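Top to bottom, those sequences are chains A and B.
Numbers 1 to 362, taken from the numbering used here, label the letters of the first sequence in order.
Numbers 1001 to 1793, taken from the numbering used here, label the letters of the second sequence in order.
Keep in mind that the hints were calculated from the coordinates and are not lab data.
This one's a predicted model, so the numbers in the text were calculated from it and none came from an experiment.
Glycine is no exception: its CB is placed at the ideal position from the N, C-alpha and C atoms.
Do not rely on the hints blindly, as some may be mistaken.
As the list claims (entries may be wrong) - Here are the simulated lysine-lysine pairs, BS3-like style, with alpha carbons at most 30 Å apart:
1. A/K216 - B/K1397
2. B/K1249 - B/K1057
3. A/K346 - B/K1631
4. B/K1543 - A/K281
5. B/K1648 - A/K328
6. B/K1543 - A/K338
7. A/K281 - B/K1632
8. A/K216 - A/K31
9. A/K352 - B/K1631
10. A/K346 - B/K1632
11. B/K1338 - A/K216
12. B/K1397 - A/K65
13. B/K1335 - A/K216
14. B/K1398 - A/K338
15. A/K338 - B/K1338
16. A/K216 - B/K1398
Said to hold, decoys possible - Pair by pair, the computed Cβ-Cβ distance ranges are:
17. B/D1718 - A/E347: 46 to 54 Å
18. B/R1627 - A/L276: 43 to 51 Å
19. A/K346 - B/K1470: 35 to 43 Å
20. B/D1610 - A/D329: 22 to 30 Å
21. B/R1627 - A/D312: 42 to 50 Å
22. B/F1345 - A/K65: 27 to 35 Å
23. A/P181 - B/F1345: 31 to 39 Å
24. B/K1470 - A/L276: 38 to 46 Å
25. B/A1464 - A/L276: 53 to 61 Å
26. A/E347 - B/E1624: 24 to 32 Å
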Amino acid sequence: MEATTDLLRQHAEAQFKEELSQLAAVDKRQKPPRWLLSPWAVLTYLMGGKLENGYEISPKYIGNKRIMEIAVATLTTDRALLLLGVPGTAKTWVAEHLSAAISGDSTMLVQGTAGTAEEAVRYGWNYARLIAEGPSMQALVPSPIMEAMKLGKIARLEELTRIPADVQDSLITILSEKTLPIPELGSEVQAVKGFNIIATANDRDKGVNELSSALKRRFNTVVLPVPATLEEEVDIVARRTEALGRALELPAEKPALEEISRVVQIFRELRAGATLDGKTKLRSPSGSMSTAEAISVMNSGLALAGHFGDGDLKAEDLAAGIVGAVVKDPVQDSLVLKEYLETVIKEREGWKDFYRSLRHLI
Amino acid sequence: MTTSIASKNKTDLARVHLLGIRHHGPGSARSLEASLKEIEPDIVLIEGPPEAEALIKYVQGPPEDPSNSEEAADADRLIPPVALLIYAKEMPKLACYYPFAEFSPEWRAMLYANQSRIPCRFIDLPQSHWLSMQSKQKQSAGIDQVLSNLTEADKIRLDPIGTLASLAGYEEGEVWWEQLVEQRSDSQIFEAVSEAMTALRTAVREDEEEERSKIDEDKQIFDEDYYIEPLREAHMRTCIRQAQKEGYKSIAVVCGAWHGPALAQTVKAKDDNQLLKEKLKDLPKLKVEATWIPWTNSRLSFESGYGAGITSPGWYEHLFHSDKGSDTTLSWLVKAVKLLRAEDFDASSAQVIDAVRLVESLAAMRNLHHAGLTELQQALVTCVLSGNEMPLALIEKKLLVGEKLGHVPAEVPGTPLMVDLQKTSTRLKLKQEALEKLLELDLRKPLDLERSSFLSCLQILGIAWGEKQKKKIKTSTFHETWKLQWQPSLSLAAVEASIWGKDVRQAATARAIDLGSNSPTFAHLVDVLSLSLDGGLLEAVEKTMTLVGERSATCFDMGELMEALPVLVGIARYGNVRGHNPQSMDTLITSITERIIVNLESTCLSLDEDAARRMQRQITLMEEALRLFNKKELLEDSRAVLHRLASKSNIPALISGRSAKLLYECSYLSQEETVRLMHFALSAASAHSYSGQWLEGFLTNNAQVLIHDPIFFHIVDDWIRGIKTDAFQELLPLLRKTFGAFSYSERRQISERVQSPGKTALAETSARADDDRLLTEVLRTVQLMLGVNHDHQ
Chain A
1 MEATTDLLRQ HAEAQFKEEL SQLAAVDKRQ KPPRWLLSPW AVLTYLMGGK
51 LENGYEISPK YIGNKRIMEI AVATLTTDRA LLLLGVPGTA KTWVAEHLSA
101 AISGDSTMLV QGTAGTAEEA VRYGWNYARL IAEGPSMQAL VPSPIMEAMK
151 LGKIARLEEL TRIPADVQDS LITILSEKTL PIPELGSEVQ AVKGFNIIAT
201 ANDRDKGVNE LSSALKRRFN TVVLPVPATL EEEVDIVARR TEALGRALEL
251 PAEKPALEEI SRVVQIFREL RAGATLDGKT KLRSPSGSMS TAEAISVMNS
301 GLALAGHFGD GDLKAEDLAA GIVGAVVKDP VQDSLVLKEY LETVIKEREG
351 WKDFYRSLRH LI
Chain B
1001 MTTSIASKNK TDLARVHLLG IRHHGPGSAR SLEASLKEIE PDIVLIEGPP
1051 EAEALIKYVQ GPPEDPSNSE EAADADRLIP PVALLIYAKE MPKLACYYPF
1101 AEFSPEWRAM LYANQSRIPC RFIDLPQSHW LSMQSKQKQS AGIDQVLSNL
1151 TEADKIRLDP IGTLASLAGY EEGEVWWEQL VEQRSDSQIF EAVSEAMTAL
1201 RTAVREDEEE ERSKIDEDKQ IFDEDYYIEP LREAHMRTCI RQAQKEGYKS
1251 IAVVCGAWHG PALAQTVKAK DDNQLLKEKL KDLPKLKVEA TWIPWTNSRL
1301 SFESGYGAGI TSPGWYEHLF HSDKGSDTTL SWLVKAVKLL RAEDFDASSA
1351 QVIDAVRLVE SLAAMRNLHH AGLTELQQAL VTCVLSGNEM PLALIEKKLL
1401 VGEKLGHVPA EVPGTPLMVD LQKTSTRLKL KQEALEKLLE LDLRKPLDLE
1451 RSSFLSCLQI LGIAWGEKQK KKIKTSTFHE TWKLQWQPSL SLAAVEASIW
1501 GKDVRQAATA RAIDLGSNSP TFAHLVDVLS LSLDGGLLEA VEKTMTLVGE
1551 RSATCFDMGE LMEALPVLVG IARYGNVRGH NPQSMDTLIT SITERIIVNL
1601 ESTCLSLDED AARRMQRQIT LMEEALRLFN KKELLEDSRA VLHRLASKSN
1651 IPALISGRSA KLLYECSYLS QEETVRLMHF ALSAASAHSY SGQWLEGFLT
1701 NNAQVLIHDP IFFHIVDDWI RGIKTDAFQE LLPLLRKTFG AFSYSERRQI
1751 SERVQSPGKT ALAETSARAD DDRLLTEVLR TVQLMLGVNH DHQ
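Bound-form chain B, shown alone:
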């Protein structure tokens, strides 16, 4: 569309080409590129933050010199997806992202300008004003609330092309746009869109007038929008006039389609200037910084900056790259089928043919000229996947999102996360030193608590500056020991972590939630939970708690659940050392424990030795955790199960022995009953290996029972004496393992007992000694008779 903006200077003949685009619209990007080539402007103006203008120069296409190896070429240029990040220097929390994908029209426009070596400017209202408005706003309104408050008019403003498409009966704005582009010649498309936008704007304006006549307190946030929009448009017009004044002859203006009509309006320069002056004079001018940061495809769906997010960047990328006129349907299906094969699903070319035919008839039934993503996916499920949608979920990330991490060259100045990291470490008096250093923290002191949280947050972000030591110098729960060491690679990690947020806490929250929802094992998830708690990230704690609850319900591996219990109980018991006490933790622990109790017995059946050994350890962990948790009902229930484990002979001996030990230890089982169990396990009918393992389970970390309790000592003693030589040799490694684990002094005490049974003996033992003496006499006689000379003592 070519409009000349009225200007007082009649001799000014600059032609202004308004190119209304759809943010992140590949169709838009393509027609934009074509138009730019046709117009050949001498300056490009883009709806974007003027503060970032200096950064436009980094936008470069892949070098044309093919002799360069690809990696070397990629290393020092911006590779989308990247985002422009504008943040207030003093308050990095106040920030705004402008993400760009390869197929973003703005990106193509910058690329065009740089490649044709013409100036390129950002003409939106400076973010310094915008952010300062934000800082005035109450921060209480979360994004969820904002989204739920969206009125029809707001939705139209956020995605006007989507609105037009849905009016035309299309579900997907991009499909509609594609069809428009292909049906009309390129030069007319912007004009048509502009016409449609004018109509939409009129409708919305009427709506809003109506809205505003009702005074509504809740809608304050959008009141901002309401008056900021004319400001932005006034600013853009002013910038266009400026370019005209400077003598540019052909000016291309790339802006959201929504703004097109406003920029074409004839408005006096004086009016615009006055409006800007009037509205902006009260606002404090914030100092803002801008930088490029790497972005990911999945985060392209975030609403920020332009306020337009997209859900399937991979699909858009496909649309952008498939040449105009070529069959997007077929190539998309082939791509999907390839991914399916990589995941080991059968998918033949014949099925793709069938799918293409189904897509066509589906599109016809739904009155579409071209099939959209919905039709493609449904055909894929129906023809290739036999109606099973699950495999689609497997390839969804690669296919629809097309996970990609952008790259930012080193020469671009730093990110707010890095700035925040620096600031916070200075504030917390943590020096970035290459030397290893131990740091002792007392969590009762606010500074130390904050340090600990900060270091935990960095851990979540993969910035491994500090490492929490398991061996503590002081053992109380409010002491922590950290090993600190700063390495140059950590700066890089900080840049990488920048995609997660603007400051350390916020980024750590986002990352923890992401880690939690993608964690491979339950134990890992619980670790994330515990780290988030250490980091004091309440939001992340809440989310991961929910995840833990969900995962625990579908986790079939009781062992994993049991190993997680001590961590969870630890949080429940000591969480308040850090000043928060998650309420729902108790319920969570109770339900996990109940699940374990229900399933424990069947889990313990048919375990091989290694698994039994693990289970033995896990049962101990659980019992200890439950003792700490100290809930009578749970303890009783779990002990009842342990009792069954101890008394059933089809349970691995190791586990039975351990259960007996745990129950005896807490006096759940009387000495009498324990003795009975031990007798039973060590009775002659049992296989020696069974008895040996039972003993291992019972005696591990439990030497005291042998030293102080003669009854147990004698049962063991008798049993060992009863073993035949061959069997003894077989058992020896096992016994050595059990007894070898005792401490030196324990072993000494036991051996003393063995050598002189009478010394500390009770009446019963001395009676046995008498028996022995009598027996010695008899033996001596027999030896004499047999002529065997054996020095028996």
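Isolated chain A, as found in the complex:
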């Protein structure tokens, strides 16, 4: 085992070990089978709060508590949970912490890609053994999902919609019959109580494999929204930009909060299809305009300013990034942006620099 301090990133259950054990100590409420914590304690772990013994739990998810309640309540029934949302809405983050809090283990993970094969979802074979001994339980290589079924833990499936449709469909038996047949051995693995699946999916991406309605029906879908207020989002972007800037050793100065809030404002307005004051409706571009993209606009702006500018973050450093984030469809989106520029930015006091530098680019 490596020393934990050398790891680039720790699993949630290791990083927040202390919090989890404190929670378990005070948790007196009823637990579903094989859950390490009661649903209420899981909720506290996610949303943060002060325990009876005065211990402070840090919030993992900043946002609407109601949504987390639905997510946890879903897992107490035997329905699988699908976390849906645009990129950068903390889907994976929530899934990891949920499984850490419920099963104490967030490692039963299948990463969905366009190349994910059925073996990754069901089981594969150790071919050397298969040839030497013939089909047997020993020659079988279980997938994380199969492991979770045996142990009664939470399995995670990242980017469900990126998985090819035929592989997705192999989940149906697991979700409805709670069993995984192994026809080669004439046997099966039946899920133990406590097993469940948390899947994450992205509903804005193009080229995803839409879930079949048979599969969709087997999931409870919880949509994670984008940050609710400008302040909340500016805060998230500022922190992440600063953290990333440090990691990449960007030469520019730390971005002024004012620039961040202007970029976030543009993102929020285009995403919501309305100006912040609610007076003007706008058309939204086809891209997702997520918080994560706002962060990357800030970063590329910093890099531009640092390497090619005077180190001061200016509107022209950000403009290219903004155009790149907004214009995904060259015809429709540039019309949307043009309209936004002419009807909103042009009139806005103190935004002349943004107007000029954006107008240059489209």
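Start from chain A and add chain B according to the hints.
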């Protein structure tokens, strides 16, 4: 709860049952009905306006005789939602609504009394006093201001049960009440509520004492409340004593739970009488009228009368109708799923099962015994709608509001809107006549302006008395012509319009706002705006303007926007004829135009012929509107786009031609450039149909250019002569359409030109005539040689 109010007369043994209810609470209604059946009172007293007592008799349940067809039975009885309307006879604006739904406890109480044939009375402070207090108040305080001024104490008073529920950790007062009802036996519930109310009242009183110690000018409105409440309660007590005196033995008093403790208090009759006398003596007594009017479920959420509105009447109705003990969760979800299926969403029974399970565990996580509306909706979104909340909005109206229009039988006397309509028409000297009549209005005269506004308001309300004529006798902008005709059906329309307000203007404002927010197309919305402006409804104008701004930003159909422009510009230019000039109109027009300019070119690509024809007309409308609007920047921008439309070959020919015409007309394009464009469009390489359509675009309403400008004439002339016979036959309908639209004299002038090109010709044309003469000679020789005998002139 059974209390005997102290009375000097010891032999009086009347039992008074105080039944504290929650206004519009279905749970309350149910326990009330049960209690009434148990008590079997010989009189029912209800917290309601005494002036409307005569109207109680109209409250009847559905006839029990099943042989009657349902429609016939429904036609002549009150069908909730309806409202009692109390209004000052002289000033119908001063009015108060008491809406009732089927599940309103007061409605159930009236129904009970009528069905068991016992007397039923309203015992609240008469509205004549209340309204006269209102009339004394400054009218300046709008409802918004009132709501924003609500203190904690006021909120408690408005919805005491909701307050108790939220204290108990419930979001929804009704859920809390339901659980109380189901946990306790019915006879005890009123007692328990009364106890809780006593505690609340004490708390609020303390709060208010504190409030009052700080002198606050802004809180005058609620000072009224502060002293009117003891008055109301004193009046109610007096009425109860009166009933006792009359010898009723078992008296059921139905009042807001809030008042329960006060009515149970032992107060000397003398004190009450003195208080009433003292406070009411200064007040002028207003003459008030009462009537039933039809109400809608969505308007149940209005705060009026009882001061208690509800947001989801459909949900309450469901709660009321689902039998006690049956599974409200399941039946509600099934109902929702049915509606979803009707909207073409997939929703299976298996999903409903999952949703029920999620609702249960959600309720458990939130420490609720029963799930409320919040849990149900969240489960629906999560399990059935795959996290998508949009479909919910589609069924929300049917599910949560349960849109319903009440019915009032004809024998109930008229509504204030009708009264106001009569009064106003008399004042404006408009006679309700069955004969059709034209009315000429000069908007510079105050009377005529008012008439025009009034008629426009009626139009908004769907009372089609007058119809504005498009063809005016006089063309100036301050003249209007109306066609008037009164039909009996309009009286009915007036009754229907009564739900929108108490007088014509107010009702029209409400209706216009509603129409505007539900209008199917952008053009319709703009019509509503223009009507509201005609009606002089400033509030509605403001709201619809905002809507127009919003809708225009998301409207993808540039054509719709372009068609709306002339109306908007008309308002901006001539709005002040009517004495108001909406400031933001200019900004609105500018932003709409800018959007059109940005999108126009891409919109014009790939249009079929019909669409191109529409677009051609819309472009003309826009250009004309912009000329009228006369803003240099916009005109320049739009003309630059038109220039691109005129010069690009992938734009439909009709549109290119029209753009060229519009630009030439305003001298944006020089003659030279226009000629070049025309040459280009009519050049031999272009398809004939393209050229033909270009010509149609260019020449429609533009014969003058052919008559007076020989250059254009010759290009067209050459082109037509160059067409081969087959192609010509194909083109003929199109050409006929273009030229046929010219007026007779225009066609005559053109044909003269064709027949004698030399007559008005310039040097250039005469040279051509010479050529022709020479050519004739040659032709003659050739004909001779070929032996063809052709009489060529």
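### Query
Broken hints, numbered, in rising order?
14, 15, 18 and 25
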